[in-house]
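Those protein sequence lines, which keep their order, are chains W and E. Count along the first sequence from 1, then add 393; that gives the number in this note's numbering. Count along the second sequence from 1, then add 393; that gives the number in this note's numbering.
A few of these clues could be false.
Treat identical chains as interchangeable: a pair holds within one or across any two.
[What the hints assert, rightly or not] Below are the DSS-like pairs computed for lysine-lysine, each with C-alpha atoms no more than 25 angstroms apart in a straight line:
(1) K736 / K397
(2) K821 / K736
(3) K420 / K397
(4) K461 / K420
(5) K458 / K420
(6) K397 / K777
(7) K777 / K458
(8) K461 / K821
If you're looking for bench data, these hints aren't it; they were derived computationally from the structure.
2 protein chains.
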Amino acid sequence: MDLKQIARRAKQAAVTLAALDSRIKDKAINAMAQALERRASDILAANQADLQAAARNDLAAPLRKRLKFDEAKIEEACGGLRALAALPDPVGRTLRAVELDHGLELYQVTCPIGVVGVIFESRPDALVQIASLCLKSGNAALLKGGSEAAATNRILAEILAEAARRAAIPDGWMALLESRADVAAMLALDTEIDLIIPRGSNAFVRHIMENTRIPVMGHADGICHVYIDRSADIETAVRVCVDSKCQYPAVCNAAETFLVHAGVAADVLPSLAAALAERGVEIRGCERTTAYIQAVPATEADWRAEYLDLIVSIRIVASLEAAVAHINHYGSGHTDVIVTRDKDRARRFMDAVDSADVFANCSSRFADGFRFGLGAEVGISTHKIHARGPVGLEGMTIYKWRLIGSGQVVADYTGPDARPFTHRPLNKPYR
Amino acid sequence: MDLKQIARRAKQAAVTLAALDSRIKDKAINAMAQALERRASDILAANQADLQAAARNDLAAPLRKRLKFDEAKIEEACGGLRALAALPDPVGRTLRAVELDHGLELYQVTCPIGVVGVIFESRPDALVQIASLCLKSGNAALLKGGSEAAATNRILAEILAEAARRAAIPDGWMALLESRADVAAMLALDTEIDLIIPRGSNAFVRHIMENTRIPVMGHADGICHVYIDRSADIETAVRVCVDSKCQYPAVCNAAETFLVHAGVAADVLPSLAAALAERGVEIRGCERTTAYIQAVPATEADWRAEYLDLIVSIRIVASLEAAVAHINHYGSGHTDVIVTRDKDRARRFMDAVDSADVFANCSSRFADGFRFGLGAEVGISTHKIHARGPVGLEGMTIYKWRLIGSGQVVADYTGPDARPFTHRPLNKPYR
Numbered sequence: 394m395d396l397k398q399i400a401r402r403a404k405q406a407a408v409t410l411a412a413l414d415s416r417i418k419d420k421a422i423n424a425m426a427q428a429l430e431r432r433a434s435d436i437l438a439a440n441q442a443d444l445q446a447a448a449r450n451d452l453a454a455p456l457r458k459r460l461k462f463d464e465a466k467i468e469e470a471c472g473g474l475r476a477l478a479a480l481p482d483p484v485g486r487t488l489r490a491v492e493l494d495h496g497l498e499l500y501q502v503t504c505p506i507g508v509v510g511v512i513f514e515s516r517p518d519a520l521v522q523i524a525s526l527c528l529k530s531g532n533a534a535l536l537k538g539g540s541e542a543a544a545t546n547r548i549l550a551e552i553l554a555e556a557a558r559r560a561a562i563p564d565g566w567m568a569l570l571e572s573r574a575d576v577a578a579m580l581a582l583d584t585e586i587d588l589i590i591p592r593g594s595n596a597f598v599r600h601i602m603e604n605t606r607i608p609v610m611g612h613a614d615g616i617c618h619v620y621i622d623r624s625a626d627i628e629t630a631v632r633v634c635v636d637s638k639c640q641y642p643a644v645c646n647a648a649e650t651f652l653v654h655a656g657v658a659a660d661v662l663p664s665l666a667a668a669l670a671e672r673g674v675e676i677r678g679c680e681r682t683t684a685y686i687q688a689v690p691a692t693e694a695d696w697r698a699e700y701l702d703l704i705v706s707i708r709i710v711a712s713l714e715a716a717v718a719h720i721n722h723y724g725s726g727h728t729d730v731i732v733t734r735d736k737d738r739a740r741r742f743m744d745a746v747d748s749a750d751v752f753a754n755c756s757s758r759f760a761d762g763f764r765f766g767l768g769a770e771v772g773i774s775t776h777k778i779h780a781r782g783p784v785g786l787e788g789m790t791i792y793k794w795r796l797i798g799s800g801q802v803v804a805d806y807t808g809p810d811a812r813p814f815t816h817r818p819l820n821k822p823y824r
Numbered sequence: 394m395d396l397k398q399i400a401r402r403a404k405q406a407a408v409t410l411a412a413l414d415s416r417i418k419d420k421a422i423n424a425m426a427q428a429l430e431r432r433a434s435d436i437l438a439a440n441q442a443d444l445q446a447a448a449r450n451d452l453a454a455p456l457r458k459r460l461k462f463d464e465a466k467i468e469e470a471c472g473g474l475r476a477l478a479a480l481p482d483p484v485g486r487t488l489r490a491v492e493l494d495h496g497l498e499l500y501q502v503t504c505p506i507g508v509v510g511v512i513f514e515s516r517p518d519a520l521v522q523i524a525s526l527c528l529k530s531g532n533a534a535l536l537k538g539g540s541e542a543a544a545t546n547r548i549l550a551e552i553l554a555e556a557a558r559r560a561a562i563p564d565g566w567m568a569l570l571e572s573r574a575d576v577a578a579m580l581a582l583d584t585e586i587d588l589i590i591p592r593g594s595n596a597f598v599r600h601i602m603e604n605t606r607i608p609v610m611g612h613a614d615g616i617c618h619v620y621i622d623r624s625a626d627i628e629t630a631v632r633v634c635v636d637s638k639c640q641y642p643a644v645c646n647a648a649e650t651f652l653v654h655a656g657v658a659a660d661v662l663p664s665l666a667a668a669l670a671e672r673g674v675e676i677r678g679c680e681r682t683t684a685y686i687q688a689v690p691a692t693e694a695d696w697r698a699e700y701l702d703l704i705v706s707i708r709i710v711a712s713l714e715a716a717v718a719h720i721n722h723y724g725s726g727h728t729d730v731i732v733t734r735d736k737d738r739a740r741r742f743m744d745a746v747d748s749a750d751v752f753a754n755c756s757s758r759f760a761d762g763f764r765f766g767l768g769a770e771v772g773i774s775t776h777k778i779h780a781r782g783p784v785g786l787e788g789m790t791i792y793k794w795r796l797i798g799s800g801q802v803v804a805d806y807t808g809p810d811a812r813p814f815t816h817r818p819l820n821k822p823y824r
């Protein structure tokens, strides 16, 4: 089957998936967990093959670590599946119910998006998480994992598909794509695929966004800021900055720039610099910063840089408004933090910063679906429509308007003798 | 000012707009109504100029009718403004509130999208409606109206902007674009503009969608179907079909194709054909249809045609599933109707048809924001993300995640001694 046929089959399956009873989906997800446990040795063997190939190809150590899928990771994935099965069904929720007239009832009801293409990095647990999120939300899934994890992904996809089939999920709801050519072909299938979710490097995500007419959900840059306000608690500021930068520097929700109100620069910069030095962080500072601490002089490029490394840029700003302006100009709309003891100023910052996540007095690293309590996440969106920030099950749904009449026609509601609409809220869900 | 400067100014204004108190926005919208009434004679004079130009240019009668903006239309627009002011603010609604841990509270709160570009047809009331919807939802608006209404639009925009300015709305929140070159330039401003809403002809909307990286909300085709099920009430079927096709054939929610279950074709087709003939509707039928009634033989192109005229295609199908397959294949995801007395079959149809609006036993012409009780509508979306069907105020908003902490860092919630998250629902809105 070529990709177009695979996608059409997925579209066909999506029609059935959309109407599936919650219990059938949850049973299938629990069966997936059981099947993964039962076939653990096959999974470990496939993962060994990927790890050996990675060693032969001199893959960098952090990548090899992410590739590893051992018994503990299998158990973690199964725990995730069971937790997902226990969550309420995001499909079929009545968002609004209105009587338009006697015997003419309108229901806005959530439904799946349809066919979703997800391209993800080399962590094999991503495949389990994404496939099950798609199933729970009633979406058909075309999945392309990292080529380094090819053998592991293949066995995982096989196990999940088989478990789903036995649980009466329609064939074709999930397909594993294995080549880069498939990704390129996927981008052209705008009548078959409803949404693409790319996860991976900045350049990769940007490439996807620029080469398809299909809506894309995700983020390219993660240029996150911590702004230390003039009324910040110094000790809190240092702790939040260090965690935001150092707790896991290689990820999108790590901070790249600290903005410091001029009024507290003298108080905070020396202890901040000391704490960063202890963690081996290189500082690139604006001219005023270098008057207080040692720093490499920052250039314009530093304000736009996503280092993903133990490097941070620091800029002194004259006001909260200047901090906001910097963030809205150079930021990526991902996650931005204010440290302040002043609740009103926190609110002003959070109102004005145009980002998916706006935090006060805590680390930017909290920007994550699991930490937010959404269950699993399919990715983090910096777009400004549909879903923003960590995207869980809800972001994988849309809605339909269901209007149930008894023969009504618009002609009766038009003109000089028009029947009026009642527009009375109905306190009942669609059944 | 060139368009880029205008758009940047709008982006700047959007930051202030996003945090504006509801009362200020509503006061401004009411002030707009007052100002339109006060300056009615200026508006009528400008509209006269447009109408005279239209006569000189031999504009078609229906277009001239839509262009006309008389005292009744002004009153209607003012009524719409006052109704809008009375609606609840779509911005600042708490969608979710969760305690992540003691003193670490997460709020998902609605906010405006930012800067919205709207391109609309020659009805001057569209300008008033769209500008006020944008203001109410806190969005800055770049508006391009039909060139035939240039003088009317100019005076309306001037009056609305002046009323808003006096009510303390930040300057630059609304700008009127006047040339086609501005539209082309707008499509390139993907860092300044967050959403484009094109209204108008199929070809025009398609052109917009194919020429910008900015998300587009709207619809190109409106190929709507009425499916007459085997358990349809014949009289209801005829009434719904006639209204769906004839009540206003030139609009997107008018039906273009009737699908008839083979089991009722003999019963329904003769009376349907008679009712359509009475209205002067041309019928293009599939081969089986022509066995029952007189019809021009339909070709493949007819199933994809949006006639927007008194022409309809009719196809006999073997089953509900065949009707669904036809609609999902040839339809445009706009509005599709089933006529049936069987509730289960209605539900099956509505589950499986992948359209924004799925109706049972009523006319497709009900697909409209006002009829749905949404207040005004900014357009109808056939996209499968963000907003679907008639889009009112809610579709003009997105949300931010606001996380309020007291110094928490992720390091404390990681590793073997990780603090657990409480993930306790908070029954309070963000304040």
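Check: How do K420 and K397 come out at 25 angstroms by Cα distance, when the copy is not named: within, between, both, or neither?
Finding: neither (30 angstroms within a copy, 54 angstroms between copies)
Item checked: Within, between, both or neither: K458, K420 at alpha-carbon 25 angstroms -> neither (32 angstroms within a copy, 59 angstroms between copies)
Next item on the list: Please work out whether the CA atoms of K777 and K458 approach to 25 angstroms or closer within one copy, between two copies, in both situations, or in neither?
Entry: Neither: 34 angstroms inside a copy, 37 angstroms across copies.
Check: At most 25 angstroms between C-alpha atoms: does K736 with K397 qualify within a copy, between copies, both, or neither?
Finding: neither (54 angstroms within a copy, 35 angstroms between copies)
Margin query: Reference check for the pair K461 and K821, CA-CA at most 25 angstroms: within, between, both, or neither?
Written below: neither (49 angstroms within a copy, 43 angstroms between copies)
Next item on the list: At 25 angstroms max between alpha carbons, let me know whether K397 reaches K777 within a copy, between copies, both or neither.
Entry: between (30 angstroms within a copy, 20 angstroms between copies)
Checklist line | Status of K736 relative to K821 across identical chains (alpha carbons, at most 25 angstroms) | finding: Between copies, since 17 angstroms is at most 25 angstroms while 39 angstroms is not.
Next item on the list: Have a look at K461 and K420 and pick one of within, between, both or neither, based on CA distance no larger than 25 angstroms.
Entry: Classified as neither: same-chain Cα gap 28 angstroms, cross-chain 60 angstroms, threshold 25 angstroms.
Checked against the numbered hints given earlier, this structure breaks hints 1, 3, 4, 5, 7, 8; the rest are met.
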